[in-house]
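2 protein chains.
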Amino acid sequence: MIKIAVDAMGGDYAPKEQVEGAMLAISKIDDIEIVLYGDPSEINKYLTNHTRITIVESEGTIDMGEKDPISAIRNNRKSSMAMALSSVRSGDTDAIVSSGATQALIAGAHILVGRMKQMKRTAIAPVIPSVSGKPVVLLDTGGNLEIRPEFMLQQAHFATIYAKEILNIDKPKVGLINIGTEDGKGRQLDKEVFELFKANEAIHFAGNVEPKVVLNPPCDILISDGFTANIVMKTLEGTAKGIGAMLKEELKRGVLGKIGLLLSVKNLKRFKKRLAPEEIGGAMIYGLKGVVIKAQGSSKAVGFYNGIRQASNVVRQDVIKKVSEVLEKEGN
Amino acid sequence: MIKIAVDAMGGDYAPKEQVEGAMLAISKIDDIEIVLYGDPSEINKYLTNHTRITIVESEGTIDMGEKDPISAIRNNRKSSMAMALSSVRSGDTDAIVSSGATQALIAGAHILVGRMKQMKRTAIAPVIPSVSGKPVVLLDTGGNLEIRPEFMLQQAHFATIYAKEILNIDKPKVGLINIGTEDGKGRQLDKEVFELFKANEAIHFAGNVEPKVVLNPPCDILISDGFTANIVMKTLEGTAKGIGAMLKEELKRGVLGKIGLLLSVKNLKRFKKRLAPEEIGGAMIYGLKGVVIKAQGSSKAVGFYNGIRQASNVVRQDVIKKVSEVLEKEGN
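Taken in order, these protein sequences are the chains called A and B.
Going by the working numbering, the first residue of the first sequence is number 14, and it counts up by one from there.
Going by the working numbering, the first residue of the second sequence is number 14, and it counts up by one from there.
FYI, nobody ran anything at the bench for these hints, they're computed from the structure.
Don't take every hint at face value.
Claimed, not checked - Facing chain B, a subset of chain A residues (Cβ under 7 Å, in silico):
1. P53
2. S54
3. N57
4. G197
5. L202
6. A212
7. I216
8. G220
9. V226
10. V245
11. K247
12. G251
13. K261
14. E263
15. V268
This structure is a prediction, so every number in the text was calculated from the model and none was measured.
Virtual Cβ for every residue (Gly too), placed ideally from N, Cα, C.
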């Protein structure tokens with residue numbers, strides 16, 4: 014049995030969607046157990062089926078707008094997030110899924126789970142949709158603002174193994190996010206990373222990739238530093254949201270338009286679903302001793318279920334051990 | 014009369030769309046003359062009305078995929094782009110519009126038009142659409158990869174005056190592109206620029222802006238270094254293109270969907286037009302002694318007309334002189 018810790022109190026719709034997501038996961042995945050960390054009286058409002066689900070009581074939550082995430086974790090060791098993280102470190106659980114505040118989760122993961130010794134910097138790696146339907150890993154969206162090329166190489170190794178084991182891509186291609194496709198483009202960092210990737214046999218390097226193909230990239234992994242990849246993710250999100258708003262406004266103009274819109278409702282829903290990040294799952298934090306999955310703050314039950322499924326896959330495929338072995342061999 | 018130089022041979026559809034755009038501009042704007050630089054025999058295939066349009070013969074073009082833009086300009090002084098740029102420097106014309114290769118145009122503008130002495134770095138500043146319909150200036154999308162905070166302040170002054178004079182925004186708000194909205198977010202550069210903007214009375218500073226509101230920003234100007242802003246622009250472009258492809262695919266599914274799509278055709282066209290950059294005009298290169306407008310490589314006649322209109326507005330409002338005066342006063 015794989016045991017998944019769920020931070021039931023973090024996120025915009027906690028604990029309702031977290032609890033419902035957990036029950037959904039239990040109904041669909043046979044070899045997992047779930048431990049819900051949170052306020053039992055709140056959780057029990059929604060928990061209608063206790064099959065393979067237990068509750069561990071926690072006290073307080075980490076505020077979503079927390080300014081000082083490290084203190085937030087240190088001063089709230091009994092919060093649902095902190096207790097769920099600690100359970101991974103102690104071995105009580107095999108993985109944690111949380112849709113709590115990102116920075117607090119990262120800080121907490123460092124403090125309470127710990128970094129794997131072969132990786133010098135963690136990275137947050139969401140999976141983004143693409144026009145072709147194939148999933149694409151984007152990293153680091155987590156905020157390692159200034160990073161050394163060799164640390165990015167370690168992250169690329171992790172992403173490669175993740176894409177192979179979890180997304181079932183045979184030889185995942187790595188693309189370096191850049192302002193031009195030619196060799197030698199970009200900042201000093203980009204040039205150095207380019208050479209490192211090119212020279213490494215375990216990396217299937219697709220060269221520089223411009224984000225004007227962000228939804229149709231010639232690779233399976235899009236990588237940059239924690240500032241740039243975060244900007245890419247947020248611009249993608251902002252453009253999708255903005256276009257959605259414009260489209261809605263335009264489509265309902267005029268009588269013919271309104272009828273057209275009615276007839277298109279089902280297709281538009283499918284379109285929206287294709288872009289929804291929660292259909293794919295959460296973002297894994299690479300580089301820790303344990304499996305930590307960040308689900309979107311706005312995750313509903315389906316999103317949370319997908320995060321739990323993803324966490325169980327990472328455990329089942331023993332991704333962290335495989336990464337350690339590759340990095341050991343690489344001599345990092 | 015304002016005299017506009019048009020690089021008739023640069024761009025994906027040259028010279029047809031350039032020539033038609035020029036004729037359209039003449040028909041709509043009374044106080045301009047246009048000089049078309051290019052191959053007269055090619056131009057005359059499309060030039061059906063010579064009113065206030067003259068042709069100056071050039072030799073050869075700058076290739077769109079030019080690897081070494083500086084040599085390309087130096088070795089092709091008689092190309093349409095080089096001759097059109099030189100005409101601005103010599104005073105034969107007041108502004109140039111080109112949809113030729115961006116890097117060659119920037120290099121050529123430096124060599125043949127020259128940088129204004131008060132600005133240490135040029136910037137490319139396209140105007141992007143927004144959900145509310147108000148135009149937003151984005152800069153620098155041009156590739157000053159490593160830049161000093163005080164040079165970004167100069168660029169922000171330019172953008173402020175441009176937005177006021179050309180976009181008719183009374184007190185244009187400047188937003189610093191960043192990975193979080195809180196003060197103190199971002200890289201060292203971002204932190205220093207934040208303080209400079211905050212302290213400057215001529216800058217109406219809106220603070221840090223995350224690109225997840227890129228199409229609905231709480232400001233009129235979005236600024237970052239030449240790497241980051243280029244990444245934002247390309248991600249925006251890539252997301253819009255990708256979403257367009259997905260939408261088309263989804264909307265035509267099923268019989269009802271197909272009928273709905275037919276009824277929505279007019280609205281979808283309006284939607285597409287709202288996002289089309291060429292409806293707004295080209296990107297101005299800030300920081301030169303003359304007015305240089307880069308129209309999209311894929312510009313059709315309307316896009317080119319909008320670039321010419323924009324160029325004439327910048328000349329009419331005497332933007333460059335106003336910027337010089339402000340920067341002189343700022344003591345830069």
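To see whether the hints hold, each was checked on the structure:
Among the interface hints, the one on P53/A is violated; its C-beta lies about 34 Å from the nearest C-beta in chain B, farther than the 7 Å criterion. Contact between S54/A and chain B, as hinted, is not supported at the beta carbon level, the nearest pair being about 34 Å apart and thus beyond 7 Å. The interface hint given for N57/A is broken, as the beta carbon of that residue sits about 35 Å from the closest beta carbon of chain B, more than 7 Å. Checking G197/A against chain B: minimum C-beta separation of about 10 Å lies over 7 Å; hint violated.
Using the Cβ-Cβ criterion of 7 Å, the hint placing L202/A at the interface with chain B is not satisfied: the shortest such distance is roughly 10 Å. Contact between A212/A and chain B, as hinted, is not supported at the beta carbon level, the nearest pair being about 23 Å apart and thus beyond 7 Å. Of the supplied interface hints, the one on I216/A is violated, with its beta-carbon coming no nearer than about 22 Å to a beta-carbon of chain B, more than 7 Å. Hint status for G220/A: violated, given a least beta-carbon distance of 15 Å to chain B, over 7 Å.
Below 7 Å, beta-carbon pairs count as interface contacts, and V226/A has one with chain B at about 6 Å; its hint therefore holds. The criterion of a C-beta within 7 Å of any C-beta in chain B is met by V245/A, whose closest approach is roughly 5 Å, and the hint holds. For the restraint placing K247/A at the interface with chain B, the shortest Cβ-Cβ distance is roughly 4 Å, inside the 7 Å limit, so the hint holds. Contact between G251/A and chain B, as hinted, is supported at the beta carbon level, the nearest pair being about 4 Å apart and thus within 7 Å.
For K261/A, the interface hint is violated, since its Cβ never comes within 7 Å of a Cβ in chain B; the closest pair sits about 10 Å apart. Restraint check, E263/A versus chain B: the minimum CB separation of about 4 Å is within 7 Å; hint holds. With its C-beta approaching chain B no nearer than about 9 Å, V268/A sits outside the 7 Å limit, and its interface hint is violated.
Hints 1, 2, 3, 4, 5, 6, 7, 8, 13 and 15, counting from the list given before, are not met by this structure.
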